[in-house]
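Chemist: Chain residues, written in single-letter form:
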Amino acid sequence: MDFSNLIEGLGGYTIDGLTKGSIYALVALGYTLVYGVLRLINFAHGEVFMVGAWTVLGVYTALGADSGVGVPLAIGITLLAGLVAATATAGTALVIERVAYKPLRDKNAPRLIVLITAIGCSMVLMELFGHAFKVWFPGAQFGRAAVNIPTIIPTQEAFSIGGVGVSNIDLIVIVAGVAMMIVLDQFVNKSRLGRGVRAVAQDPDTASLMGVNKDRIIVLVFVIGGVAAGLAALLHTLKYDFAKFDMGFLIGMKAFTAAVLGGIGNLRGALVGGLLLGICEVYSSAVISSNWEDVTAFVILVVVLMFRPTGILGESLGKARA
Amino acid sequence: MRRNTLFAGGALALAVALTASACGTVDTGGGGGADGECSLNIGVMGALSGANASIVLPSVNAAKMALAEYEAEDPECAVKLVEFDTEGDPAKAPGVATKMVQDESYIGVIGGAFSGETKATQPIFADGSLTMISQSATATELTVDEPSETFHRVVGHDLVQGTAIANYVAEVLEAEKVFVVDDQTAYGAPLGEKIREVLGDKVTESDKTQEKQTDFAATIGKIESAKPDAIVYAGYAAEAGPFLKQIRDAGLETPFIGGDGLYGVDFPKAAGDASEGAIVTCPCVPSEGTFAEDYEEMFGEAAGAYAGEGYDAMSIFLEGIKAGHTTREDMETYVDGYTGEGLTKNYSFDENGDVAAENVIVWSYKVEDGALVPDQEIEQ
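Chains A and B are the protein sequences, given in the same order. UniProt numbering puts the first residue of the first sequence at 1, with every later residue one more than the last. UniProt numbering puts the first residue of the second sequence at 1, with every later residue one more than the last.
These are computed hints drawn from the structure, not numbers from a lab. Positions of the beta carbon are idealized from the N, C-alpha and C atoms, including for glycine. Treat the hints with care, as some may be off.
As the list claims (entries may be wrong) - SDA-like mimics (lysine to any residue), calculated; alpha carbons at most 20 Å apart, straight line:
id, chain 1, residue 1, chain 2, residue 2
1, B, Lys212, A, Asn5
2, B, Lys212, A, Phe298
3, B, Lys269, A, Ile279
4, B, Lys227, A, Glu127
5, B, Lys227, A, Phe298
6, B, Lys212, A, Asn291
7, B, Lys92, A, Glu127
Claimed, not checked - Have a look at the derived ranges for each label pair, beta carbon to beta carbon:
id, chain 1, residue 1, chain 2, residue 2, range
8, A, Thr14, B, Leu252, 14 to 24 Å
9, B, Glu171, A, Asp2, 50 to 60 Å
10, B, Pro94, A, Gly76, 31 to 41 Å
11, A, Asn108, B, Ala186, 20 to 30 Å
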């Protein structure tokens, strides 16, 4: 226990925690939206994120981009990578929905069965990148090892508040992460399609009677979750610069925790849960050591659920006010 | 209904394709050898596929080279090298070991390549009196704490390497303040402990990380306030890559040094440009001369980690067979009493199966242009 370390570096640790938390929050969104509408934990969502990270690497490789490119080009490449990654992850999420969930839903399969196909999908995706692609495309970098992604935007100090330096990367990740969450929250609460999402979450049968196409809403929900995961993957790449076949597992686990912590099915809950989890992890690493971060994360989850079984914000997607 | 059949057909085809590609890497290689009166097998087990295969395959290839040279001499006894893929998993290795023990034609085994699988299989091979020569399992406990009757290894153990890393940091880098990080695994924890013990007061602070960790902000925060002259990492490449990357991103140019867990292509691949200039130590001697040239010619790539050690392990067995030791008991006695000059060092095994400490050589390698280049031999 070394609290002096935490107090001395409090500002820096907080920034790091917020950066980490923003990424968790964006991934948590996919869990929370799907759960809100389908009452299903999409355990393959972490792997959707992983697909995003590999796509970013693919775009960089295809363009031959590396750390040497100038600022305007770097921004262009990053935006393009984000666009392609979001498309790829949305596509992946959609394929998972079509192949693994919809056929079962049409047959009214019990939710537990769908949960198992979700875990199956997650393994298939992992093995595709960890093994199959390596066999099918021998020259490519696929495989079990972590692969470095070139740094397009070099880390620099953007500004400092009271002696605490905030790097450009941290700034981009936090601002982009939070902005996307706000846009999405507004979309679900204000737009026509968003009203459909809330209606289906509240009562699917009545919603269809009122003319909401349930299947289209479900597709929409998977696409939004996928896009958020793809953008999270881009932000993760900017900050951590690597892709690995099993990277989605732990992030998925943490994002799921963040979603439950904030109140699963609640968009604002995902943001609150994600940021809180990120900060707690970094603080506990600073006070004790890094191997305690997971322990702390889950202890906090248990404690919060003991007193607030529905999570911090608790409310479900359907009940969110317009 | 028709659609369902089609779907099921598609799923089946996909499953078959996946299985087929999974089987694609399982490969029983080795030399053929004519069916003489005498026909023996030597097994080699380790992670031939999976995350850490890059530090195992070179030794298997080198063993094949030793076998090819043996066959060129037109020997009396036909020997086959049979590969067993354990994926480095201690849960998979015992099955493989039992298979070899039960087949009387096996006279020796090269491996295990990693410490965990080796520990899990030592009792099985000891019960079957099958001689093991490991090319790369370095955990101290394999010989020092719980020695096994039939186990030998042609590398030094982690404590020797820990001392070497500490010496390198203190003497070559001339560091006064050292920050030691270990990853809490069976490999990293004792290695880190040994480094701390040897460096003593020079360790200003230390931290522990864990496997699969990606964000090292807290550790880097501690490094920033400790301002060390060197950072030592006892762990594996998968975490060292992002860790080093984040250290450099934080603007720290402190020298970074790690053990043989970082040896191989995976570390520079995971860390990218940030790994330039990083130091990796390994109780493996750089492959040079005709061996390196022959290896490159035969396998189309430079001889990697533990290639020389794999060659030596195979050579010891083959010399035993040449000398007429064709039963398991004879072979065990022969290897126990073996003395000779190998490719990488002089061999004679102590009662626990370790190479004499004075013969163990630890080298440091430096990352240059994404590849590990031999730097220097570290003084013990």
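Chemist: Look at each hint and say if it fits the structure.
Modeler: Going through the hints against the structure:
1. Under the criterion of a C-alpha separation no larger than 20 Å, the hint pairing Lys212(B) with Asn5(A) is inconsistent with the structure, at around 24 Å.
2. Only pairs whose Cα atoms come within 20 Å are accepted, and Lys212(B) paired with Phe298(A) is accepted, the gap being roughly 16 Å.
3. At most 20 Å may separate the alpha-carbon atoms for a hinted pair to count; Lys269(B) and Ile279(A) exceed this at roughly 30 Å.
4. Taking the CA atoms of Lys227(B) and Glu127(A), the gap is near 42 Å; set against the 20 Å cutoff, the hint is violated.
5. Between the alpha carbons of Lys227(B) and Phe298(A) the distance comes to roughly 32 Å, so the proposed pair goes past 20 Å and is violated.
6. A distance of roughly 10 Å separates the Cα atoms of Lys212(B) and Asn291(A); the hinted pair therefore holds under the 20 Å criterion.
7. Proximity of Lys92(B) to Glu127(A) is assessed by CA-CA distance (about 19 Å); at most 20 Å being required, the pair is judged to hold.
8. Look at Thr14(A) against Leu252(B): about 20 Å separates their beta carbons, and that is inside 14 to 24 Å.
9. Taking 50 to 60 Å as the suggested C-beta distance range, the pair Glu171(B) and Asp2(A) does not conform, at roughly 30 Å.
10. A hinted range of 31 to 41 Å for the beta carbons of Pro94(B) and Gly76(A) is inconsistent with their spacing of about 55 Å.
11. For the hinted restraint 20 to 30 Å between Asn108(A) and Ala186(B), the CB-CB distance of approximately 48 Å leaves it violated.
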